[in-house]
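Colleague: Take the sequences, apply the hints, and build the full model.
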Amino acid sequence: MNINMNFNMFKKLKLKRQFLSLNKSLNLSKVGAPTVLNFRIRKGSTCSYLHTSSQNYSLSNEKQDVIPPIPTHSYAPYACDLFPIDKDLPKKVKVVICGGGIFGTSLAYHLANMGWAEDTLLIEQGKLGGPTSWRGSGFLGGVKLSKPEMDILRSSLSLVQALDKEGHDVGWKKCGSLHLARTANRLTHFRRMKAIAEARGTECFMLNPSEIESKCNVINTSDLEGALWVPNDGVCDLYKLCLTLLRESHLKGTHIVEDCTLHRIINQEQKIVAVQTSKGLVECDIFVNAGGTWSRKVGQMSEPFVKVPIHPAEHYYLYTQPLEGIDFVMPAIRDPDGFIYMREYNGGVLAGTFEKIAKPAFEDGILPDKWHLREQPVDWDQFHPALQELLHRAPFLHSALINQLHNSADGFSPDSRWIVGQVPEYKNYFVAAGMRSGGSNAGTGIGKMVAEWIVNDYPPMDAYELDILRFLPAHNNRKFLRDRVVEVPGIHYSNEYPFMDFNTGRCIRMSPMFPKLKAAGGVFNQVMGYERPSYFITDGVEAPFRAASTPTWTKPSWFGYTAREYLACRETCGLLDYSSFAKFDIWSRGEEVVNSLQNLCSNDVDIPVGGICHSGMQNIKGGYENDCSLARISPNHYMMIAPSIQQTRCLTWLRRNLPSDGSVIISDVTSKYTAICLMGPKARDILSEITSFDLSPKAFPFLLLQRNRYWSCKWNSRYELNSYRRYALHVYDNLIEAGEKHGMLHAGYYAMRSLRVEKFYAFWGQDLDSSTTPLECGRVFRTKLDKNIDFLGRAALEKQKKEGVKRLYVHLTLEDHDPEIDPWPFGGEPIYRNGKFVGVCLGFIRNVNSETGIHEIVTPEYVMDGYYEVDVAGIKHAANASLRSPNLPSKFPDITRDRYMATRT
Amino acid sequence: VSEILTHNEQTLQLREENEIGFGEAFVNPSMHAIASADSNQLASNTPIEDKLAVSRCLLTSGFLFGVFDGHGGPECSQVVSKRLFDYIAASLLPRAELRRIISEFEEGRMVKLTKVFNDTTEFIPELQRIYDSSFLKWCNHLLNDSASDFSMDDALTSSFLQLDNDISNEVLENKNSPIYPTLLSVALSGSVACVAHIDGPHVHIANTGDCGALIGEVAEESHGGWVVNRLTKDHNWENLTEVKRILSEHPESERDTIIFNQRLLGTLMPFRAFGDVRFKWDRALQMEIFQSVSAIDMSFLRNCHTPPYLTAKPEVSYHRLKPHEKFMILASDGLWESMNALDIVNLVGEYMSGRQTLQPVRLPRRNVSLGEVSRLLKKRQDGLRLKPSDTNASTHLIRHCIGGTDEGVDHLRLSHSLTLSPDVRRYFRDDISIHVIFFDTNFLRVCPVEL
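Taken in sequence, the protein lines are chains A and B.
Counted from 1, the first sequence has number 737 at position 737 by full-length UniProt numbering; the numbering is strictly sequential.
Counted from 1, the second sequence has number 150 at position 150 by full-length UniProt numbering; the numbering is strictly sequential.
Derived by calculation from the structure, the hints in this document are not laboratory data.
Treat the hints with care, since some could be wrong.
To be verified - Mimicking EDC-like on lysine to aspartate or glutamate, the simulated pairs with C-alpha atoms at most 16 Å apart in a straight line are: (1) K297(A) / E363(A); (2) K271(A) / D457(A); (3) K147(A) / E465(A); (4) K356(A) / E389(A); (5) K378(B) / D381(A); (6) K378(B) / E389(A); (7) K379(B) / E363(A); (8) K378(B) / D379(A).
Unchecked claim - The calculated label-pair distances, taken between Cβ atoms and stated as ranges, are: (9) V243(B) / H398(A): 53 to 63 Å; (10) V446(B) / N232(A): 56 to 66 Å; (11) K115(B) / D381(A): 34 to 44 Å; (12) G365(A) / I124(B): 50 to 60 Å.
All C-beta atoms in this analysis are idealised placements derived from N, C-alpha and C, irrespective of residue type, glycine included.
Modeller: Structure (structure tokens):
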């Protein structure tokens with residue numbers, strides 16, 4: 001007794017029905033025409049529906065109120081055949097989402113959940129759903145060392161679990177994830193992952209080979225050192241997940257229009273106001289670029305265009321035909337040393353690879369118009385290494401029959417991390433891209449994050465390392481992206497060694513000193529595209545170009561060089577290249593610049609001309625948006641020096657917050673100057689040989705600026721010389737000549753990093769982020785809270801001052817750590833206070849009430865009376881905590897002035 | 001870097017020298033056993049005396065490949081290489097077709113019997129006229145030939161013999177022609193020939209002299225090596241049957257003089273050849289001819305008592321191609337002298353697997369297992385490693401022939417050999433001409449037995 005039911009009726013019914021889980025009793029069989037599918041539902045009732053052009057569902061039992069089950073992938077119908085999607089565009093909405101991939105659908109879903117359904121429009125250039133759409137591994141969970149990434153993975157996982165609990169068929173299986181290690185270094189990597197994951201509440205286990213076999217007896221464990229087992233992870237079916245998200249948001253009223261090609265994004269005064277599509281014009285308040293692989297192209301549809309630095313690379317995944325006796329809950333297996341992953345899928349195996357050397361796709365930069373055309377002809381030779389690894393790992397696959405090998409182009413960012421955030425070019429333009437084919441894992445959680453960002457107008461978490469503001473326009477160069485993408489997918493499965501860097505796309509930004517530094521034995525790392533010396537190999541051999549790498553978790557091979565450089569900086573003098581620091585000129589005709597900066601900076605910037613001050617720039621919540629030094633060059637002209645990685649972010653922050661009337665002018669002059677830093681007790685002697693300035697402490701006190709052909713500033717025994725690029729070599733040569741007899745050495749970034757960690761000097765992007773306040777990191781002395789000058793974030797800081805902080809920045813010294821043997825704490829290690837997890841290196845200490853989960857006030861007393869341990873790759877080392885910069889013993893105590901302390905209580 | 005540079009130089013040199021000859025690869029899409037053929041030659045003599053020819057019979061099915069190694073000048077090999085295929089093609093025609101062609105010829109319309117690949121030279125009109133009339137006579141002769149049973153063997157043999165006769169008769173019949181010296185020089189110089197007629201899976205090889213042909217076949221799948229299958233016998237002193245044949249054709253008294261110094265009458269290496277009329281005409285005829293042309297430096301052969309000593313009669317062999325036979329090599333003695341046959345076959349075999357990998361992989365069928373795919377890809381990867389720098393198998397062979405050492409091609413040796421001055425290089429190597437004909441395994445696999 002089949003009854004054809006109008007969809008609207010169905011919709012109403014659905015809203016108040018009980019959900020029924022169907023996934024296990026799903027029994028597919030073709031009846032009659034191949035387009036008709038029959039589903040057997042629990043309790044023996046039969047539900048069949050047509051997915052031809054009519055949108056009728058036939059239910060055998062009208063009282064039985066069910067969600068139509070989602071067919072398995074090979075029969076995947078289009079979304080429009082399952083529920084009616086809008087034909088026409090609305091005139092005006094709040095949010096336009098361009099792209100119906102996992103991120104787009106997840107964002108639409110979350111916006112709908114937050115009550116924005118009617119105000120959201122999702123457009124898709126092709127058709128939503130269908131046999132080749134929404135493909136992916138469906139992996140959920142996993143462990144990442146970085147907090148934002150881990151948080152996003154966890155939020156994806158919990159969403160899928162929640163949907164499954166509600167009765168939606170999203171293909172969720174709690175099968176656990178098994179990360180295999182073939183080498184000892186990988187095992188150490190896993191131990192670090194386990195340490196941080198457990199600290200944050202994810203249950204993980206280290207397995208030995210025989211235990212691995214008990215979790216999955218079909219894989220070859222002969223060459224394995226061990227594995228990381230995350231029992232609560234699982235897999236879903238990306239197609240089912242997307243379809244569910246889309247249908248749920250549709251039911252809530254989200255506008256969804258397909259076959260709608262974006263032509264142009266229209267902006268006024270740096271704000272997106274409307275989008276022009278093939279189906280008409282829609283006004284909007286917020287635009288979201290969810291173009292995935294196409295997002296770089298979508299970025300080019302506005303003027304000025306938005307730079308989304310991603311490049312597609314071929315990405316392979318293989319479906320086998322159903323295998324006899326396969327374990328339905330076979331764990332999701334990642335074998336990163338073999339660059340492969342695999343899982344059970346529809347009775348067969350779904351396996352894929354993140355190749356060590358990937359193959360760029362669409363190298364000419366011309367992407368096909370329709371998304372399904374991103375499926376490329378299969379190059380078996382490219383897949384061959386992965387296939388060999390698969391067969392090696394899972395010998396049972398030898399006899400498995402191929403269903404299909406897919407090669408679909410996926411966009412990868414140049415540093416392999418996801419790209420999320422508000423673009424620098426426009427105020428109301430969001431983007432998320434470069435999901436590395438990890439759609440289910442990344443896109444779902446990122447959709448939630450962006451939805452919250454949009455609705456609250458404030459990001460739910462700080463994710464600097466994922467923010468699109470971490471790039472420069474230079475990163476968008478197509479040749480650079482193409483060169484780099486070869487290496488990027490493999491990075492995903494390589495060991496996350498400290499100071500990770502790439503081998504491709506190098507030598508893009510260089511100072512005039514670069515050839516000299518290279519000749520001096522410089523080994524370089526790249527920061528914002530800039531080649532910065534990490535350390536110097538003093539073997540007298542001039543190598544072609546040496547890129548720094550630290551392929552170890554223990555004492556690195558460069559330690560000897562860095563130690564020498566460190567000692568030079570402490571006892572004689574070190575010469576460092578500081579050119580990568582971002583520099584800005586800020587000026588105005590009248591006093592506008594002073595007033596604006598006073599409003600933006602938490603420290604008093606109304607300093608004498610020629611003076612320098614450190615200041616943070618706080619956001620409304622009091623967090624550091626920027627941490628910089630300001631030199632007052634003339635009454636209405638400042639020079640700002642900000643961390644290298646802040647170059648885009650800082651400029652964007654200033655542009656958005658300086659007066660919009662154009663009275664204050666800001667220009668990025670980073671590339672105009674070359675900066676040399678002389679550090680060490682002999683620095684003054686060396687400098688005085690080449691300059692006529694009086695450098696005696698009296699005449700040139702701390703934090704003062706002198707200008708001539710170059711201007712220099714100093715603090716402690718450190719002089720920073722910023723010269724125009726054309727004078728840089730001259731300055732450098734003179735310094736080298738003068739420094740020779742004083743035993744001056746070149747020093748690299750690693751030495752500087754050691755020095756600053758030792759001095760407890762916080763760095764933005766490593767210790768500080770947009771959620772850190774000056775009160776939490778011992779920097780109240782750098783604010784003007786004691787003065788009666790208002791500034792952005794003051795209210796938040798004052799409130800915090802009154803209430804007390806909930807975390808404190810601490811300096812920890814490991815006590816029983818043997819640097820020769822033990823794995824090193826390179827950052828990201830969990831900190832335990834009296835056996836309880838309280839923070840992560842380099843670190844903040846929290847006080848979480850284990851019963852209520854509430855973050856309680858952290859006082860210096862609380863910090864100081866604890867017993868601390870730091871878990872470095874599974875070994876807990878006792879640590880001494882301190883809240884202020886230490887007094888370091890010095891052979892040359894400078895008795896003439898106060899010592900500068902970067903962090904104070 | 002220096003290695004790459006010198007390598008490139010040599011490649012260029014190789015090409016420069018090729019200008020005299022030709023390098024060719026063509027692919028034939030129709031249902032033939034031939035997948036492709038690579039040809040190349042390298043000169044030692046100036047000008048080169050070797051000739052290569054490839055043509056397709058237009059009125060019958062089948063391809064003709066020929067290698068012609070001239071001696072005493074390039075004229076004979078040149079003429080034979082250009083004329084022989086038409087003779088053979090005509091001898092293969094059914095009578096009705098032959099009749100039609102003759103009538104067309106008589107009306108002055110030339111019917112092309114063969115499509116010649118990669119030959120840009122043409123005979124001068126006077127010569128062409130003489131050759132056309134000889135050819136017409138041959139067609140008429142074929143038409144009136146009483147023998148009713150067609151045999152490939154006979155057709156090839158008679159074509160060879162007829163052409164040789166014509167070359168010699170044309171001299172005698174055109175004494176007053178202005179191009180008489182040319183005709184004479186053709187007849188005085190000589191050429192050996194090896195011709196392969198390939199039609200479907202059938203291969204007929206007609207060999208006269210010391211060029212040779214062989215087939216490279218894959219040995220049993222289990223060990224996967226290459227096996228040489230020689231199709232021809234050289235007609236020289238190393239061939240006992242030939243020696244016996246020659247001795248038997250001449251009086252006992254000449255026993256010690258016929259084959260002397262490993263050569264026929266102490267002069268000629270091959271025991272069968274086109275041209276070389278001094279071995280074929282009697283003394284009186286030679287005297288008469290030679291006196292008529294003072295320009296030609298003539299000398300009688302010593303001990304030439306009972307000519308003819310030399311014949312153009314080919315030894316014809318038949319071979320039916322099998323699926324595991326992957327390629328055939330036709331080459332002049334320049335190649336056979338400098339390398340042993342198994343090495344040659346191995347080289348081409350490796351080259352082949354290298355060339356296969358230049359194509360993208362297509363899975364052999366649906367429902368293939370991952371293990372099988374992996375094995376297939378592994379094989380390909382091995383091939384990729386062996387991927388030759390040459391895109392032409394013949395060039396590949398030549399490179400190894402003159403630059404080969406145990407460790408592979410020695411570029412220094414190669415460049416040294418290639419840059420030898422034309423005066424001295426004849427002492428180091430002979431002209432080398434090679435056809436490598438690749439067979440279409442798929443065709444051979446499905447080829448019906450009765451075909």
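Colleague: Compare the structure with each hint and give your call.
Modeller: Here is what the structure says about each hint:
| no. | hint | result |
| --- | --- | --- |
| 1 | K297(A) / E363(A) | 13 Å, holds |
| 2 | K271(A) / D457(A) | 15 Å, holds |
| 3 | K147(A) / E465(A) | 10 Å, holds |
| 4 | K356(A) / E389(A) | 12 Å, holds |
| 5 | K378(B) / D381(A) | 9 Å, holds |
| 6 | K378(B) / E389(A) | 13 Å, holds |
| 7 | K379(B) / E363(A) | 29 Å, violated |
| 8 | K378(B) / D379(A) | 14 Å, holds |
| 9 | V243(B) / H398(A): 53 to 63 Å | 59 Å, holds |
| 10 | V446(B) / N232(A): 56 to 66 Å | 57 Å, holds |
| 11 | K115(B) / D381(A): 34 to 44 Å | 37 Å, holds |
| 12 | G365(A) / I124(B): 50 to 60 Å | 58 Å, holds |
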